[in-house]
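Trainee: All chains, full assembly: derive it from the sequences and hints.
Heads up: the protein sequence lines correspond to chains X and F, in order.
Reminder that position 190 of the first sequence reads as 201 in our numbering, one-by-one numbering, no gaps.
Reminder that position 124 of the second sequence reads as 412 in our numbering, one-by-one numbering, no gaps.
No lab work stands behind these hints, which were simulated from the structure alone.
Heads up, a few of these hints could be off.
Said to hold, decoys possible - Each computed SDA-like pair below joins lysine to any residue, with the alpha-carbon atoms no more than 25 Å apart: (1) F:Lys-431 <-> X:Phe-181; (2) F:Lys-431 <-> X:Val-79; (3) F:Lys-431 <-> F:Thr-377; (4) F:Lys-419 <-> X:Tyr-128; (5) F:Lys-431 <-> X:Gly-136; (6) F:Lys-419 <-> X:Met-124; (7) F:Lys-419 <-> X:Gly-134; (8) F:Lys-431 <-> X:Arg-133.
One letter stands for each residue in the lines below.
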Amino acid sequence: MHPVYDLVTTVNRVSEAPKDHMVVSLSTLGLFVLALVAQVLVWRIWLPPRQTPALLVLFLVVPIVVFVTMASLGRLPVLAPADVVRALLFYVPCVLAYTILYSSFEMQSPTLMIVSYLASARGVGRTEPELRAHIGQVTPLEQRLRIMIAGGLLTEDGGVLSLSGQGRFFANLFEIGARVFGVAQAIKRGG
Amino acid sequence: MAAWILALAPLFGVLADALGQVVVSHATARIGVSIMVGFTLGLLATIACTGFGSAGLQLPDAIAAWVISIGAFVALAVCFWAFINLNITSLRIRVLRELLQDGTISFGAMSERYSTDEMLSRRLERLLNGKQVRCQADRYYLKSPAILILVCLVDAARAVAIPARARTGMPRS
Chain X
12 MHPVYDLVTT VNRVSEAPKD HMVVSLSTLG LFVLALVAQV LVWRIWLPPR
62 QTPALLVLFL VVPIVVFVTM ASLGRLPVLA PADVVRALLF YVPCVLAYTI
112 LYSSFEMQSP TLMIVSYLAS ARGVGRTEPE LRAHIGQVTP LEQRLRIMIA
162 GGLLTEDGGV LSLSGQGRFF ANLFEIGARV FGVAQAIKRG G
Chain F
289 MAAWILALAP LFGVLADALG QVVVSHATAR IGVSIMVGFT LGLLATIACT
339 GFGSAGLQLP DAIAAWVISI GAFVALAVCF WAFINLNITS LRIRVLRELL
389 QDGTISFGAM SERYSTDEML SRRLERLLNG KQVRCQADRY YLKSPAILIL
439 VCLVDAARAV AIPARARTGM PRS
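Mentor: See below:
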């Protein structure tokens with residue numbers, strides 16, 4: 012039998028009764044946890060060169076693999092549209108939130124470096140020269156700019172930087188966000 | 289109708305969150321307060337919609353619906369908070385916005401604007417303003433245990449999510 016015919020037959024054969032909220036909720040939660048576990052395991056076998064895009068791909072691939080497996084076993088459920096929306100509104104934001112948090116795991120923030128360094132002083136405190144020497148270990152600015160150029164956000168011509176098309180898109184997005192959400196004053200004050 | 293309100297409850301919540309944040313930030317110019325007010329409004333909206341949508345469900349289904357609804361709202365709120373926070377703190381985003389304003393900037397000029405001294409002073413000012421750090425006799429001390437707990441949680445999560453050989457210890461942005 013053709014695989015597509017099998018898949019369509021399977022979907023049509025499954026009961027069309029609305030699924031329990033518990034089943035849908037636990038399944039969605041389980042899918043996200045499964046993807047998290049998969050990420051931890053895969054990263055220990057093979058570390059992707061570009062971790063954030065690989066993370067998003069993994070979180071997309073895991074549900075697809077699960078659904079294809081369930082379809083091949085004849086257990087693919089038919090969900091009411093509201094249940095599909097509910098599942099997506101849980102899974103997708105969780106993936107995005109984890110990806111955002113992952114970026115803070117991937118490279119340590121200078122602010123958290125300062126906090127850790129102060130905490131290690133155990134009540135003795137740190138002077139500004141000590142903090143400057145410690146924060147001086149951060150990736151030099153030029154190296155970070157090179158990463159942005161390699162990532163397609165910036166272009167360089169004779170030592171002069173300008174925005175690429177992609178960079179301009181993100182710059183406009185965050186500029187609009189800064190005005191709409193009133194963060195411009197906070198930026199001027201340094202947060 | 290109730291099923292759709294239940295399904296869209298987190299979305300209504302994050303819309304209320306955003307609306308509340310915008311109104312308070314423009315009225316008071318206090319970002320921290322606006323974020324907290326927005327989150328509270330969003331959570332209340334999510335609770336109201338979830339309560340309406342889950343009325344009549346059996347207890348196990350209602351509990352599951354509440355967990356997913358609140359969890360989804362919190363995840364959306366984290367994304368929203370991150371967008372605002374990155375706009376304030378991210379060096380890469382500041383570089384992008386400066387280039388949008390100035391057109392072109394040389395490497396040298398950019399290095400002068402974002403030197404180690406500037407990076408340190410900006411972050412210390414932020415920590416002092418947020419009362420997470422205090423300065424006494426030219427020495428800096430940690431004031432808020434909450435941020436230290438945050439550092440420990442981030443370090444623990446990093447140890448789980450990223451294998452040791454990949455942890456660079458180098459900062460982002």
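Trainee: Checking one constraint from the list: CA of F:Lys-419 to CA of X:Met-124, max 25 Å. Satisfied?
Mentor: Answer holds: F:Lys-419 to X:Met-124 is near 17 Å, not above 25 Å.
Trainee: Is it true that the CA of F:Lys-431 sits at most 25 Å from the CA of X:Arg-133?
Mentor: 11 Å, holds
Trainee: Is F:Lys-431 within 25 Å of X:Phe-181, Cα to Cα?
Mentor: Distance ~36 Å between F:Lys-431 and X:Phe-181 Cα, so the pair is violated.
Trainee: Is F:Lys-431 close enough to X:Val-79, meaning Cα to Cα at most 25 Å?
Mentor: 52 Å, violated
Trainee: Hey, F:Lys-431 versus F:Thr-377, does the alpha-carbon distance stay inside 25 Å?
Mentor: With Cα atoms ~21 Å apart, F:Lys-431 and F:Thr-377 stay inside 25 Å; holds.
Trainee: Verify the proposed pairing of F:Lys-419 with X:Tyr-128, using a straight-line Cα cut of 25 Å.
Mentor: It holds: about 17 Å lies between the C-alpha atoms, which stays within 25 Å.
Trainee: Please verify whether F:Lys-419 and X:Gly-134 have alpha carbons no more than 25 Å apart.
Mentor: Holds, because 16 Å separates the two Cα atoms, which is no more than 25 Å.
Trainee: Is the hinted pair F:Lys-431 and X:Gly-136 satisfied, with a Cα-Cα distance of at most 25 Å?
Mentor: Status holds; Cα separation ~11 Å.
Of the numbered hints stated above, those contradicted by the structure are hints 1, 2, listed in ascending order.
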